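Protein sequence lines correspond, in order, to chains G and E. The first sequence maps to residues 1 to 114 in the numbering used here. The second sequence maps to residues 115 to 229 in the numbering used here.
Hints are computed from structural coordinates only; laboratory data are not their basis. Incorrect hints may have been included.
[Unchecked claim] Computed, partial: chain G to chain E, Cβ under 10 Å: (1) S28; (2) Y32; (3) I48; (4) S51.
The structure displayed is predicted, hence computed values, not measured ones. Note that the Cβ used here is the ideal one computed from N, Cα and C, for glycine as well.
If you want the building blocks of each chain, they are given just below.
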Amino acid sequence: DQQVKQNSPSLSVQEGRISILNCDYTNSMFDYFLWYKKYPAEGPTFLISISSIKDKNEDGRFTVFLNKSAKHLSLHIVPSQPGDSAVYFCAASSSNFGNEKLTFGTGTRLTIIP
Amino acid sequence: GAGVSQSPSNKVTEKGKDVELRCDPISGHTALYWYRQSLGQGLEFLIYFQGNSAPDKSGLPSDRFSAERTGGSVSTLTIQRTQQEDSAVYLCASSSRRAYTGELFFGEGSRLTVL
């Protein structure tokens, strides 16, 4: 059963505009949420995270929003740049002692159109 | 090298053969993880090492899969009697912090194709 879902396999956005990537989760035990970025033939790289005690975390052009009641998070990239074209994975985890597992979504391929 | 190194980068094998995938983590990282990504799927957790011990093997799909880590460094993932459904990219990651911090450093992966 898919505990982390990214329902949009792909997204195209004009350069300079805002990119919004969405993610839903089902497991109430998750208390940390992360976004990873992956270029072809490379491993995923960590982008930004948010704790469940917050509803927003910002890092430069990247902002993650968390709506716990809806079990939904989103990644906003503004302004979008050509180098942002990549596959973005949403992931979730529990900070409980002993848990070292990340649960990933299936990814959204973002294409920035120059 | 500075990053996580995996070998081979590509492996094509026949159904029923055994394969070994190797991971060299970042020096000093005590935590090591194996994930796999099948076509159209997200990354699926396989196993976690802390030092040479594997406190969580819950993601290994069957007893054909095993992994070990020696010297707190290099890890090998072994798949016996490979099946076509084992075809995937196998990713290794290492870290010096808890996984929920997100600070996992992934290698480029080993692409396994089982014919």
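(message) A closest beta-carbon separation below 10 Å is what the hint needs, so does S28/G meet it against chain E?
(response) Since the shortest Cβ distance to chain E is 15 Å, the answer is violated.
(message) Does Y32/G hold up as a contact with chain E if the rule is Cβ-Cβ below 10 Å?
(response) Because about 4 Å separates Y32/G from the closest Cβ in chain E, which is inside the 10 Å limit, the hint holds.
(message) A closest beta-carbon separation below 10 Å is what the hint needs, so does S51/G meet it against chain E?
(response) 9 Å, holds
(message) Checking hints one by one. Is I48/G an interface residue toward chain E, by the C-beta closer than 10 Å rule?
(response) 8 Å, holds
Hint violations for this structure: number 1 only, all remaining hints satisfied.
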